[in-house]
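Following the hints, position chain P against chain H.
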Amino acid sequence: MSVSLKAVGPHRILYVMAVDAEYGPHLKARIAPFMTGVGPVEAAVQLTLALCHLEAEGNLPDLVVSLGSAGSATLQQTGVYQATSVSYRDMDASLLTIEFKVNLMSPGRGERFLFRGEVTKPGSTIIVADGRAYALGDGPAKLIASMTATMMVIRGREDIAG
Amino acid sequence: MTDFPPADFADRITRSFARQAAMRLIGAELTRIEHGTVEIELPFDEKLTQQHGFLHAGVISAVLDTACGYAAYSVIDADAAILTIEFKVNLMSPGRGERFLFRGEVTKPGSNIIVADGRGYAISDGPAKLIASMTGTMMVVRGREDIAG
Numbered sequence: 125m126s127v128s129l130k131a132v133g134p135h136r137i138l139y140v141m142a143v144d145a146e147y148g149p150h151l152k153a154r155i156a157p158f159m160t161g162v163g164p165v166e167a168a169v170q171l172t173l174a175l176c177h178l179e180a181e182g183n184l185p186d187l188v189v190s191l192g193s194a195g196s197a198t199l200q201q202t203g204v205y206q207a208t209s210v211s212y213r214d215m216d217a218s219l220l221t222i223e224f225k226v227n228l229m230s231p232g233r234g235e236r237f238l239f240r241g242e243v244t245k246p247g248s249t250i251i252v253a254d255g256r257a258y259a260l261g262d263g264p265a266k267l268i269a270s271m272t273a274t275m276m277v278i279r280g281r282e283d284i285a286g
Numbered sequence: 507m508t509d510f511p512p513a514d515f516a517d518r519i520t521r522s523f524a525r526q527a528a529m530r531l532i533g534a535e536l537t538r539i540e541h542g543t544v545e546i547e548l549p550f551d552e553k554l555t556q557q558h559g560f561l562h563a564g565v566i567s568a569v570l571d572t573a574c575g576y577a578a579y580s581v582i583d584a585d586a587a588i589l590t591i592e593f594k595v596n597l598m599s600p601g602r603g604e605r606f607l608f609r610g611e612v613t614k615p616g617s618n619i620i621v622a623d624g625r626g627y628a629i630s631d632g633p634a635k636l637i638a639s640m641t642g643t644m645m646v647v648r649g650r651e652d653i654a655g
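Going down the list, the protein sequences come from chains H and P.
According to my numbering, the residues represented by the first sequence are 125 to 286, in order.
According to my numbering, the residues represented by the second sequence are 507 to 655, in order.
Since the hints were made in silico from the structure, they are not lab data.
Wrong hints could be hidden among the right ones.
Unchecked claim - Heads up, simulated DSS-like pairs for lysine-lysine below, C-alpha to C-alpha not over 27 Å straight-line:
1) H:K225 x P:K553
2) H:K225 x P:K594
3) H:K266 x P:K594
4) H:K225 x P:K614
5) H:K245 x P:K594
Here the structure is a predicted model, which means the values were calculated and not measured.
Excised from the complex, chain H in its bound form (with noise of 0.2 Å):
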């Protein structure tokens, strides 16, 4: 097992990320993370077996930076986050609509449309998600079309996946 920290200012660093995919030119320049892989159980049993590792060698980093998501599609990205929290998601869970209702605003008229759909309460079992729909012409965009819809988390089940 490779870790190497970095030294910054007085602080030595533990950087660390998911894969390879998201280590581009400009870090790789920069910083040798380790690397969990994809997952918070994968991310939890690496991290640890890394710092096992480094106290055993009385290494232990002063900071440890995780580079990527985090697992949220919603924080700002190029952000600097302290983890207060950890939760745990399924990585192998997927989603089935199970009842929408959508109101015509206006007929759907336009050169291009824009659908923009958003988690209006998330739920490890039911999702609710909003959406809407916009022609876009020369003028302003127009809302054509709203949507509520509630979707099911469906786990274990081969049939369905992703």
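For chain P alone, kept in the frame of chain H given last:
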């Protein structure tokens, strides 16, 4: 609701359906037209599936909306048209089957607003399976040249 079926409503629905490019694109067929009831059938096609291989909810909604819309169209004057203003869809079972049947029925006729209900069934070897339902609200449109039939 017109007490008697409006003249030639079946022909007008057939002609209007033929102008729906989206229905042609997905391979939907108009199979039954009655006063207040319309049925549309759709063979399964891999091009119409979502990521798990089931018939896409958008396709189910589009055909249910079309069936409900023409059910409403069958009970209005010949010079009026129908636009959907809202609908609610319940997806009861995954859209798996060899064929699908969608039936739209007028629940509450009206001169300006019509409420229609639709049901979607998956058809394979066994009995038809209810996969989805819709309640839609349709607006009767008159005197707009860009919206006819």
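Against the structure, the hints:
{"no.": "1", "hint": "H:K225 x P:K553", "verdict": "holds (24 Å)"}
{"no.": "2", "hint": "H:K225 x P:K594", "verdict": "holds (4 Å)"}
{"no.": "3", "hint": "H:K266 x P:K594", "verdict": "holds (22 Å)"}
{"no.": "4", "hint": "H:K225 x P:K614", "verdict": "holds (19 Å)"}
{"no.": "5", "hint": "H:K245 x P:K594", "verdict": "holds (19 Å)"}
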